[in-house]
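Q: These are the residues of each chain, in order.
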Amino acid sequence: MNPAVDPITVSVIQHRLRAIVEEMGEAMLRTSYSQILNSSRDFSTALCDPDGRLIAQAEHVPIHVGALPFAARSVHEFFKGRIRPGDVYLLNDPYRGGNHLPDLTAFVPVFDGDRFVFWAINRSHQSDIGGATHGAYNASATEIYQEGIRIPPLMLYDQGQRREDVYEMIVLNVRHPRDFRGDLAAMIGSARIGERRLAQLLGEFGSATTHAAVAAVLDGAERQVRAIIAGWKDGVYEGEAFLDDDGHGAQDIHIRARVTKQGSDLEVDLTDSHPQVKGFINSSYANTYSAAVVALAYLIDPHIPKNDGAFRPVKLKLKEGTIVWPRPGAPVTLCTNHCAQEIIEAIIRALAPACPDRAMAGWGRRFRIAVQGIDPRSEKPFIWHLFQARPGGGGSSAGDGWPGAGEWQAAGGIKFGSIEVQEVRFPLHFRCHEFRTDSGGDGRYRGGPGGELELVIETTEPAVANTAGDGVKYGACGLLGGADGKPHRYWLQSSGRPDRALKTKETGIVLRPGDVVHAHSGGGGGWGEPRERTAEERARDMALGFVSPEGR
Amino acid sequence: MFRIGIDVGGTFTDLVSVDAQGRVALAKAASTPADQSLGVMDGLDRLAETLGIDRATMLARTERIVHGTTVATNALLEHKGAKVGLLTTEGHRDIIEMREGLKDDRYNLRQPPPTQLVPRERRLGVRERIRPDGRVEIALDRDSLDAAIAVLKSQRVEAVAICYLHSWRDGTHERMTSEAVRAAMPGVYIALSAEVLPQIKEYDRLCTTVVNAYVGPALERYLNRLETRLREAGLRAPVLIIQSHGGVATIAEAARLAAGGVLSGPAGGVAGSQYAARLLGHGDLIPFDMGGTSTDISLVVGGEAAIASDRRIAGQRVALQSLDIASIGAGGGSIARVDHSGVLHVGPESAGAQPGPACYGNGGTEATVTDANLVLGFLNPDNFLGGRSRLDRRAAEAAVDRIADKLGVERMAAAEGIYRVINTHMTEGIRLVSVRRGVDPRRFAILSFGGAAALHVTNVARQLELKRVIVPRLSAVLSAWGMLACNLRCEVARTHIGDASRLDAEAVRAAFREMEAEGRQRLAAASFSGSIRVRPSADMRYGEQVFEVNVPLDHVDFGSSDLLRQMADAFHVRHEGLYTYSLRDQEAVLINARVAVIGELPALPQEPALPVHAAARPSGERRIYLGQWLQVPIYAFDALASGQMIDGPAVIESATTSVLLRPGDRMRTTEFGWLDIQVGPT
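If you're matching them up, the sequences are chains A and B in order. Taken in order, the first sequence gives residues 17 to 568; the numbers are from the numbering used here. Taken in order, the second sequence gives residues 798 to 1479; the numbers are from the numbering used here.
In short, the hints are calculated from the structure, not lab data. Glycine residues also receive a C-beta, built at the ideal position from the N, C-alpha and C atoms. Be careful, since some hints might not be right.
As the list claims (entries may be wrong) - Chain B regions said to be covered by chain A (calculated; three or more residues, Cβ under 8 Å):
| no. | segment |
| --- | --- |
| 1 | 914–928 |
| 2 | 959–970 |
| 3 | 1214–1225 |
Next comes chain A alone, as it looks inside the complex:
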């Protein structure tokens, strides 16, 4: 602990920082315009110092957070010496600290007198970012230029004045300019609330005390994480996870983690992972780092602040040219899901023997569908994204996995919304949406079941669908003897034709009026030996219908 500041002040400031990022998030939720932000909450808020050290973050989307420092550093390096009060900066380029192109980030600098001392940051997933397909997920892309507009460190506001030419150039490049303008205004407003509150904090405690307390907060988190890691057995641990394919010929794509645990340090070596691929499952460096620290965040105590200090014990080793650190220009849009999830899974699998009670079995993989067509009731074009049929969460030492709670990288942070509202808004009929029997992996603690959706297309003209995802071959991993969750199974039923399986990376699928999409999503992995599951628990599984007599 820094001797210059008393522990009470440190405690007060730690709680205050947390309150600031939460307030930034609350403002974003209430004011944003797109459904992906105001319902699905696909955004994150954070504070960094000028060196890009993460000071505080609100608990929104885990995969965003570890990448923010890279982006903050990129902006600072580019504009060094020119950053002034009232400025606002943007960035989305995954080769400069973005996760993927749809995740646009706004930065507002915070000043202490005339000294630039913090960044207030908002990263939000845009409903569209230009490129070849709507909604940014382009499975056909083989280079980043087909995925959308790339924004390097860019000044949008110069001392309070918006640069209209720059603004209009960006707006011109996205499909829903109206929503985009509203969402961007909300992002900047949210970051400005952070700026205002940090200025108050500095005014209240003074510069020296605030900075000393922030340093102490980071050191404190580091100490807590090191105390936990130190309790694990030293050794070199290996874990592996697989993606089905990249949609362009590569299959069984491995992520290999070699984790050296010594004392309170972790070295995560991913250099032996698959070479970079043609399709959009490559993970930018920042996204890979973020996935690695998410894995750590899941293994430590949940309430330790996730800041720069907490992540100090991790050293990451990557090799350029691999899927986890592709050369600039490779497409990456799916990476926040895949291969981020496989990176998390490989690291947690590796460390499971070191901390069996902390490691959890695999959470489900993502398989999304975007449908576009004309609504015959309004004769207006529509685009709809599938968020239903959530996969299951993994089992852990605490008990069975959460049913339908989603994927590793969001862990229940993203919502799917009302079926009634969607039937009103889209020419779609949700005939059935329930848990999928026998989908969770068996184990001492069973994986949570995935979902089962039967969706009828009620257009009068054919509609078009794209898919983006993985996990039709590989299910969420079981752990410590537990079985894997069942993988996804999606298929298209079209009258007069044989059923056809949907692949995870397709563009231009024609859906005829009356066609039925069947989406059966994967369950979570099981934890621990199945033979240790009690007879009462098995009887309960059957009574609930999570397990059928055949699936025993």
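Mind docking chain B on chain A? Use the hints.
A: For chain B alone, kept in the frame of chain A given last:
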């Protein structure tokens, strides 16, 4: 004739009566959690005793009883509700367990899934389907319904919740199902989503209906028992139950719409705050009720309490209109601890009433907020609860010392740290509640009630740059008085989706007319015959948004030909007020039409003023710690004279509360004996 307010809390049942001349009588009895009606009857005995008449005479001369109860709240909080069965549209029985895909506590992946109010084997699909336009695609299938009912019967459920998709559009299938259930299972409690919450969004509607079925039987039993006892004791007047939205309902209606009563208890405090706003002539208040384990915070803006409809209570979604009360896990019993990195945390764990803070001497050893307050000298160990119990200073010091050791600081620094950290939490609670609604808290006054609040509010106010704190004379009187002041409020809502520029104005007009008629009918059923106020509003949003904004339509002319344009205008203005901008070139969509039909009760007589006497002198002096030890005067709350001014630092004590005036604070006693504090500079 008397009016009687009854507030049943966790420890005490408070009663207040007022007669036509405005004379007030108070009584207090121990609460009886197993059957709250026993404590109520005991309290009525004591109230009659205070009035110097017998209970039967008092009840015979009573024109109305208003009652706040925690029966529904406790059933939900303690998981002691009914065994519920749920009937849903076939293929959709997991809506409640899917939670729209959300899981709280993001980084806690080692967490068992939540316990279900209705486990999956009691959630049964019935073959039927109504489409969003009202078309019946699959008629209600009797065989499938009978089979489902047979299962619920064999499971011996006590309550049945019914929620079919799109029943917000047409509730016929739900009503047919209800009749079949009633015939097959006489005596079972039934909740229909089309009656509980006839609104689009199936998760909200279904969860609310399930909560209704879960708490309904216990609430219905209690209310019936209470009514029987009261009738037998000679009461002829109506008994009205305070609802989560701050209005009241008859016993029959409260029992039927049980989910509307889950905040009945705390709603009394908010009603009291609205009453206080009128009394003080200051409409913007932050009611701040600090108890042993939690602090309830809400907002009164322009004399009206803020309403929300997106609440979770005890982890369950209750989407009914309800007072926006935030509960922060911070109270007098909150426990202090130091984590591995040497950071001090206080709460949300609480020592509760048992064992309680270390200084209670009931076996508690962990340092709590109350222990810190005692060590700091803020509490008088000999005058706690009016001297009925003594506090053990040594035990408090020992507990605080253990925290000090872990922090590596002196005892007083640790005690002050506990005090500051808990204040930070409560400050954040106020900030989130106010700022979340787009409201700047600085123009508000904090209304402090609950025994522990007044030691903390002057510091919390400073952190928020608030200038004014008000401490009422007796908070129990405040809640019960507020209950007496509650109007009779019927909420009617209907989903009526459409772009405001393209809807049929006559259809919208008719919908509002029908809802008003329904509300008036319900008031008549409660034998109300006074003056009625009708408040229409609409939940609206821009086309692509999903968060609706409730738009008051009081000033819209419903007879006008441009009704829909007026509604759209009202929405744009409201959106701008809340979120700083509006988008006038975009369509404003109507989602829910709402009408509150309010039966206005006659105004309360004024609270009696303090008798005029000379300013009270301090009853003594004590050392308190405010960064350094200061010798400060102590005053008896009850002895203060109207208009008396006291400058901080000072402590004002009564049997139920202690008030800390910090240096720079200036307190003036109002004519009712309330403390009106101007908060000094930071």
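Q: The structure should be examined with respect to each hint, and the outcome stated for every one.
A: We went through each hint and held it up to the structure:
1. 914–928: Coverage by chain A holds for the segment 914–928 of chain B (4 residues, Cβ < 8 Å).
2. 959–970: n = 3 at 8 Å, threshold three: holds.
3. 1214–1225: That given contact holds, which follows from 6 residues of the segment 1214–1225 of chain B lying within Cβ reach (below 8 Å) of chain A.
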